[in-house]
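Engineer: The residues making up each chain are set out below.
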Amino acid sequence: MEFPSELKYTKEHEWVRMEGDTAVVGITEFAQSELGDLVFVDLPAVGKSVAQHGTMCVVESTKAASDVYSPLAGTVSAVNETLSADPGLINRTPYTEGWIVKLSGVSKAEVDSLMSAEEYKKHLGK
Amino acid sequence: MKRTPLYDEHVRLGGKMVEFAGWEMPVQYSGVIQEHQNVRERVGLFDVSHMGEIWVSGPNAEAALQHLACNNVASLYDGKAQYSAILNENGGVIDDIIIYRFNKELYLLCVNASNAEKDFEWLCSKNPTDARIENASAEYGQIAVQGPRAMELLAPLLKGPAFASLKPFHFIEAELLGSKVIVARTGYTGEDGVEIFVKTERTADLWRLLLEHGASYGVLPCGLGARDSLRLEAAYPLHGHELAEDVPALESGLGWIVKFDKGEFIGRKALAVIKEKGQARKLVGFELDEAGIARQGDTLADTGSQIGVITSGTKTPTVNKALGMAFIRADLAAPGTKVSAVVRGRSISAHVVALPFYKRPSGKAA
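Protein chains in written order, with my numbering: chain A, 1 to 126; chain B, 1001 to 1366.
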């Protein structure tokens, strides 16, 4: 399983990639493999404020709906609309085309407090 | 947790094991969508060894089953199978079952895994005759071979005219790997195929044979995830979802197997009253008209007031729509009726549709 070293991770299996001041958020390879084939992503509205560790959106497999938690406090500045037509992007390319939301107004201190790839791997026991 | 005789096979094949009805079962191997589509287009193999098997035998076996199950056992003949249900006195569904008639004095009941013990105790305690009732669940494994290529896959293994002429809802006794098996042309996927009852100790050998020999037919092992999405598209009810002890069989959509004219049986009186007065709720299909997925436990509403409860729902691979089944107020059950599904507090437009969601193309075998 792949955990790119340039990303930050949470215990709940989300990842964050900083692009300037914007945080791009998705779920990890481990998370998608646990969830199985995704068939729907309930995307949040652009402009929605999210709390750190608060529910950011819901991803659904044929079997179940699962909450995705926001790794950071911030405001949803963009959502990945292509997931509406093809939620399987999260299964196939969780770190690239399968990104879920972009957050603005995030705190650098919160970003720094997230886990590194090495720490996340340890967290998974890998 | 209980394990089927195929547990090691599932682990070896990379099956993702989960708890289901007290059993450790594979929910998927390669992925629910791929497995589901493979059953629709080619053929899939399912471990259904967790299902229970109960024998009813003796000169009064038929009389016992006429009282204990709601369908008409007297319409069976040797080698014929029948979908039926065990009801309680209120007409609620203790379990849905398949009854296989070997001869007038010997019947096999295939029951749900989670209900096997309960069913056995109920049948024994309510048996009005001296018919013998035996729980043989531990003696049998069961493998379902389902899909348009299932019969073709099995033909070289089950040579002979009996298999070649095996019709839907019929079964034969045959030999596979030198062991006696029961091959029934039944299933739970909406596709053609069989369910094979095999002695527990030979189940893994048969599984491996079917996988190896089936490779050239495109066979894939399939888990409970695909089994559930396949049965939902075919609108087969599932106990604990559409069927429950506190829901009368008529409301669960089982009216077609409740045979009032066959004589007395458990649940008949209560259901006769409902039939006379008309039922309050009906089991219907629904589809969402907006993005979202509605699942078991979510509700249906009409201008703000609750009119129904969803029993099963997801977005299914073949039909590729968010759909499901629900109990709905009887006056709102007509296909086309506009309703709302309430999911996590949000209202999603939906409408009632006729069942099933999926029917196999008529060119695609029996």
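I should point out that these hints are in silico values taken from the structure, not numbers from a laboratory. Some hints here could point you the wrong way.
[To be verified] One-sided and incomplete, this derived list gives chain A residues near chain B with beta-carbon spacing under 10 Å: (1) Glu19; (2) Thr22; (3) Pro44; (4) Asp86; (5) Lys108; (6) Leu124.
[Claimed, not checked] Derived pair list, reagent style DSSO-like, types lysine-lysine, alpha-carbon separation capped at 27 Å: (7) A:Lys63 x B:Lys1277; (8) B:Lys1277 x B:Lys1259; (9) A:Lys11 x B:Lys1277; (10) A:Lys126 x B:Lys1016.
Keep in mind it's a predicted model, so treat the numbers as computed, not measured. We put the beta carbon where it would ideally sit given N, CA and C, even for glycine.
Engineer: Hints the structure violates: just list their numbers, smallest first.
Structural biologist: 1, 2, 3, 4, 5, 6, 7, 9
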